[in-house]
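Novice: Given the sequences, and given the hints that come with them, work out the whole structure.
Residues per chain, in single letters:
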Amino acid sequence: MSQAREAAARAAGASRWRRRLRWTSRTLATVAITLLGLLALTFFIGRVMPVDPVTAIVGEQADQITYEKVYRALGLDEPLTTQFAIYVRGLLRGDFGTAIATGHPVIEDIARVFPATVELATLGLIGGVLLGVPMGIVAAVRRNRLADHVVRLFGLAFHSVPNFWLGLMALVVFYAALGWIGGAGRVSLHYIGVVPDVTGSILLDAMLAGDWDIALDAFRHVIAPALILASGGMAYLSRMTRSFMLDQLNQEYVMAARIKGLSEWRVTLHAFRNIGVQLLTVVVLAYGGLLDGAVLTETVFAWPGFGQYLTSGLMAGDMNVVLTCTLLVGVIFVTLNLVSDVLYRILDPRTR
Amino acid sequence: MTRKNATTPFGGSIAIGSAHARWPVTLLLATAMMFGSASANAAPPKDTFVVAGNLSSMITLDPAAIAESITAYTMRSVCDALIELDDDDASKLVPGIAESWSVAPDGSTFTFKIRKGVKFPSGNPVTAVDVLWSMKRTLTLNLANAQRLREWDINVRNVDDVIRVSDPFTLVIQPTRPIAPGLFPFALTDFRNTAVLDRVTIQKHEVAGDMGHKWLATHSACVGPFRVTQWRPQEILVLERNDEYFGRKPTIRRMIIRHTPEAGAQRLMLEKGDIDMAMDIDPADFAALEKNPNVRMMYTPSLRINYFMFNMKDPRFRSPKLFEAFRYLIDYEGLEKTLLKNEARVRQSPVPSGVFGALPDEYKPFKLDIAKAKALLAEAGYPNGFSAELIVLNGFPSVDIAQHLQANADKVGVKLKITQMVGAQLFKRARARNFEIYMAGYGFNYPDANNVMLRHAYNPDNSDGAKNSLSVAWRASWDPGQWINDTIRAAQVERDQAKRLAMYQEIQRRHMASSPLIYLFQNQSVTVLHKRVKTFKRNLIAVNFAAVEKE
Amino acid sequence: MPTSVETQTNAESPQPGAGIRNWLTAEIPGSAVQARAQRAYFGWIRFLRNPLAVVGLSVIVLLVLAAVFAPWIATHDPLVQNLATRLQPPSAEHWFGTDQLGRDLYSRVIYGARITLYIVLLVTALVAPIGLLIGTLAGYYGGAIDVALMRLTDIFLAFPGLVLALAFVAALGPGLENAVIAISLTNWPGFARLARAETLIVRSSDYIAASRLQGASSGRIVGMHIVPMCMPSVVVRATLSMAGVILTAAGLGFLGLGAQPPSPEWGAMLSSGRRYMLDYWWMATFPGLAIVLVSLAFNLFGDGLRDVLDPRNE
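Residue numbers (our numbering), protein chains in the order written: chain F, 8 to 359; chain A, 433 to 983; chain H, 203 to 516.
Hints were generated in silico from the structure; no laboratory data involved.
Values in this document were obtained by computation on a predicted structure and should not be read as measured data.
All C-beta atoms, glycine included, are put in the ideal place defined by N, C-alpha and C.
Accuracy of the hints is not assured; some may be wrong.
[As the list claims (entries may be wrong)] Listed below are several chain F residues computed to face chain H (Cβ distance under 7 Å; list not exhaustive):
{"no.": "1", "residue": "F161"}
{"no.": "2", "residue": "L163"}
{"no.": "3", "residue": "H166"}
{"no.": "4", "residue": "V168"}
{"no.": "5", "residue": "P169"}
{"no.": "6", "residue": "F171"}
{"no.": "7", "residue": "W172"}
{"no.": "8", "residue": "V302"}
{"no.": "9", "residue": "L321"}
{"no.": "10", "residue": "T333"}
{"no.": "11", "residue": "G337"}
{"no.": "12", "residue": "L343"}
[What the hints assert, rightly or not] Derived Cβ-Cβ restraints for the label pairs, each shown as a range:
{"no.": "13", "chain 1": "F", "residue 1": "W219", "chain 2": "A", "residue 2": "E765", "range": "30 to 38 Å"}
{"no.": "14", "chain 1": "F", "residue 1": "W24", "chain 2": "H", "residue 2": "L402", "range": "48 to 56 Å"}
{"no.": "15", "chain 1": "A", "residue 1": "P752", "chain 2": "H", "residue 2": "E379", "range": "29 to 37 Å"}
{"no.": "16", "chain 1": "F", "residue 1": "W219", "chain 2": "H", "residue 2": "L402", "range": "53 to 61 Å"}
{"no.": "17", "chain 1": "F", "residue 1": "L83", "chain 2": "A", "residue 2": "N587", "range": "18 to 26 Å"}
{"no.": "18", "chain 1": "A", "residue 1": "P752", "chain 2": "F", "residue 2": "L42", "range": "52 to 60 Å"}
{"no.": "19", "chain 1": "H", "residue 1": "E379", "chain 2": "A", "residue 2": "G813", "range": "29 to 37 Å"}
{"no.": "20", "chain 1": "F", "residue 1": "I266", "chain 2": "H", "residue 2": "S260", "range": "37 to 45 Å"}
[To be verified] Partner residues are not named here, just some residues of chain A that face chain H (Cβ under 10 Å, in silico):
{"no.": "21", "residue": "T661"}
{"no.": "22", "residue": "Q662"}
{"no.": "23", "residue": "Q838"}
Specialist: In structure tokens form, the structure reads like this:
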């Protein structure tokens, strides 16, 4: 009898494994197809761009001999299909090409600039969660009352403001007029390169090194761009939190808890605990959105990150940079989506 | 700054914000307490010169390949040329790596004596062999600056005949034909023509026969008052004083240029005292900065001009009357006094003021005259105007001047459709003769009209097949005619400076009477410094950072 | 309850004014037309209960009015330059001040409404039908078609909007029309996803099965039954995405890749105003505020619309 139960359990386990395996392989196939499509799309965009990479290298005042030499050196005289083949072959070897603007392999450049963006986006996400989630809860609990409308308006207002405009305004008011925040860049100029680079975040590095002056300086530089990024995350997260909470608050168990005489605070806490998984998946997705927002914010604040690298590459017709950056952003988006999916499957008991 | 903001609604909005919404006040106070104490810590030390600039176009530090003005501007203080221009007067030559030079009376041979005892930062001695090697390297690599030597008929094939090392400290240049003694040395005053590179060090870093190009993209190996110690593209460039330098030692020990793409951010950092100099201050901010007691502004003429041109390949754009009509569609004086105040001066002839061969500054035959333009247009066969696309270099001032032209052209029935684009797109269109009307700036290289003429007038073969895409005259499909072409060649060998001057002036008059190139303004270089910078040297061409002194 | 009883009795009486009201509120609609009208009426009432959404709608109405009657509302020609009166602060003569070429900013902002509206309408007109078509086809037919179409949308969705729009417009070249195309290319996948999800819900419902049994063609089913069911959420989505479209267009204009000068597009105005913002605050402020206001209005309106049209949200 126990053997039969064991066999049944084993069979159930095996079928669960088979299901997981099927899900995993299907997901991987999907991801692979998406990435291939990404690659073809970015390549197409890159090659029809009217910005001339040769001019970007040789300038306006090169003669025809030089121009043609560089044109050939970039392989632009090859047919498009050959160029694509060469590009893909390079990618398979891990060679993403060299950036015109820096002379370094693009992948090295990205490794160099990416920590700055991660620092910014992570702080932006933390800010967005800390602001957005409580706002969403308040809005749900006080639904259709003043607080709800205020939160809604607040969230939508930040959702409607162009990031670059907000950034410029912040520089004018809080840096120029009030002097509360640092100016452009990650730290004041004379602090660059003082603390050893350990984590990629100057703020953390300075804290680790115990240099509080630099940590404070780095904090004053990061706070405005991070908050501006956070405002976008906040708008999104407060809205999602509100709707998740409303779902929970309408459930029967909440009604039951209220009837049992549980305090409103306990009820809210209980409901909040139940939206944790949903919220987590949404937060993961919000992270991708912050990377998008970073593009213009970084330009305004001279933040030496990924967004700035991409925009200047775009302006200079630096195809390898544009291709690799868009590809990377695409990969990150796909990965975050996947992570969000997987988290949901693992953590949510209903999907198990 | 604070005073000014109090009168603007920016200041106003701050006040309104804190008066209306009570709850943020506590937050603001808390933040203020956190940050308030730390706000005045940013001034850099006295021996460090801190600059904010947009370094996104700083692509390579290799003198053979430097195409962008910002790189040349900075690297001039790292790489000395054979001969230098005087800090205060760009029409005077002063010794550089060559301590003296002489010219054969017929202009056929130029002899340069290289300074003895000069060492590269690596310790290797500087000899004439290094100079020759560096010039040959430029030609062999065939990058942006190879044309600066090819302009004088020096190329890979003949370089060993033209340039010779007669002893370790003597360099002899014998051009394929004589060149005016008053002209040729000026062409050698740019380190991009006559870089003196540390051949031994560079060869150690050679990869696949690239003559050290990859390594030099991020390093320096020349002689100059500074050397590059750190270069992270699009982030930071650090120059340290070269203590072995033969010339006067800079009082500045370290120079830091921080990539700051936003001009507004540069201004704010300067006003805060975080930096000593802002490279890209927007002309819109000049007036306000003039009033700031902490800021010093310097205006010097530059070799950069603004112009627009018609493409004569287009059958509609053939008549000199048409081009003349457009010369009357710009309010030169009005723009100079308002939009371009301190940014540019009216310049209607091709050769910029301060350059040998220029027409007098008062020579301004054109002014805004809609009626006259309309009459000329009718004479040219367009009584009812026409429609055309005007492609424009993005950003100030071209886009604004283009809109000004567009509004005036509209009054005579000409409909212009503006498309702005980045340089790497715009210049390609010009090179391919693929435009209708084109507007941009242009920067010349050395202060002699020969440079201007070769680029903007000389065009011996106007066919598409000639692909003389370096020549702006060719880009505009303008055939200047035999007289102009011949006179440009003749002026190159004319040893009588007065005659040479007269030739250039006559070429310009004819140029302006017939060409589809319409010259508008000559830009000024604007140097924006913190007041603690006491000495700063800038001439028509360049800045000498070695001369910077801070208090 | 008592109210509805009352209205029902009133419905018998032949008073014309109250008649429409009663007809609209009757408990049991007598015809399909009446049912539809009632739904719209109750939706409208619910919409009116959301003050923020009403504000949003009012701003949009104002925007449309400004765009239509721009020549009468504007005080100056938006393109006429006057170097003598450049960079003037707001005054009785120039309500929003003047720009670097002496053009009247108020008039430019008013005329800019036309461009904004043009972009928003054109993008929506391009994107909603395409998204709807792809989404419903994928959802209805399923199988290989579904997989292929959804992979395609995934590829586009894998990019953040601005980055992709930037890349597209860089490839197409700067200009208003190209900006519209670039924004549309980044915008349709959201609609396709949405329409597919809606279709999947509707597809298995009984009445679809019934009409299939009656011999209706697939095209007819998609066109007559599925698309209408998708419409409410597509309309909500379209309204909310208009806010995003405005921001992306402004971002492209800000980078010089959108509308070309002298067009008074708000993003482009902001871009030239940015250079002057430290000393001539009005140049960046008014176009910026216009963007914020209109984008916010579409968000508020869309939000309110969702409450009305998308019952699952409640």
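Novice: Min Cβ distance, V302/F to chain H: is it shorter than 7 Å?
Specialist: 6 Å, holds
Novice: At a threshold of 7 Å, is the proposed contact between L343/F and chain H supported by beta-carbon distances?
Specialist: Given a least distance of 10 Å, the restraint on L343/F is violated.
Novice: Let me know if the C-beta of L163/F comes in closer than 7 Å to any C-beta of chain H, holds or violated.
Specialist: 4 Å, holds
Novice: Can you verify the interface hint for G337/F: is its Cβ closer than 7 Å to any Cβ in chain H?
Specialist: Holds. Min distance 4 Å.
Novice: Using the beta carbons of W24/F and L402/H, state whether their distance is inside 48 to 56 Å or not.
Specialist: 28 Å, violated
Novice: Within 30 to 38 Å or not, the Cβ separation of W219/F and E765/A?
Specialist: Since W219/F and E765/A have Cβ atoms about 58 Å apart, the given range 30 to 38 Å is violated.
Novice: So the hint says 18 to 26 Å: do the beta-carbon atoms of L83/F and N587/A match that?
Specialist: 24 Å, holds
Novice: Let's test the interface hint: is any C-beta of chain H closer than 7 Å to that of T333/F?
Specialist: 6 Å, holds
Novice: Restraint: T661/A near chain H, CB-CB cut 10 Å. Satisfied or not?
Specialist: Given a least distance of 34 Å, the restraint on T661/A is violated.
Novice: If you check the beta carbons of P752/A and L42/F, does the distance land in 52 to 60 Å?
Specialist: 59 Å, holds
Novice: Is 29 to 37 Å a correct range for the gap between the Cβ atoms of P752/A and E379/H?
Specialist: Roughly 35 Å apart at Cβ, these two residues keep to the hinted range, so it holds.
Novice: Interface hint check: V168/F, Cβ to nearest Cβ on chain H, cutoff 7 Å. Holds or violated?
Specialist: 5 Å, holds
When each numbered hint is compared with the structure, violations occur for hints 1, 12, 13, 14, 21, 22.
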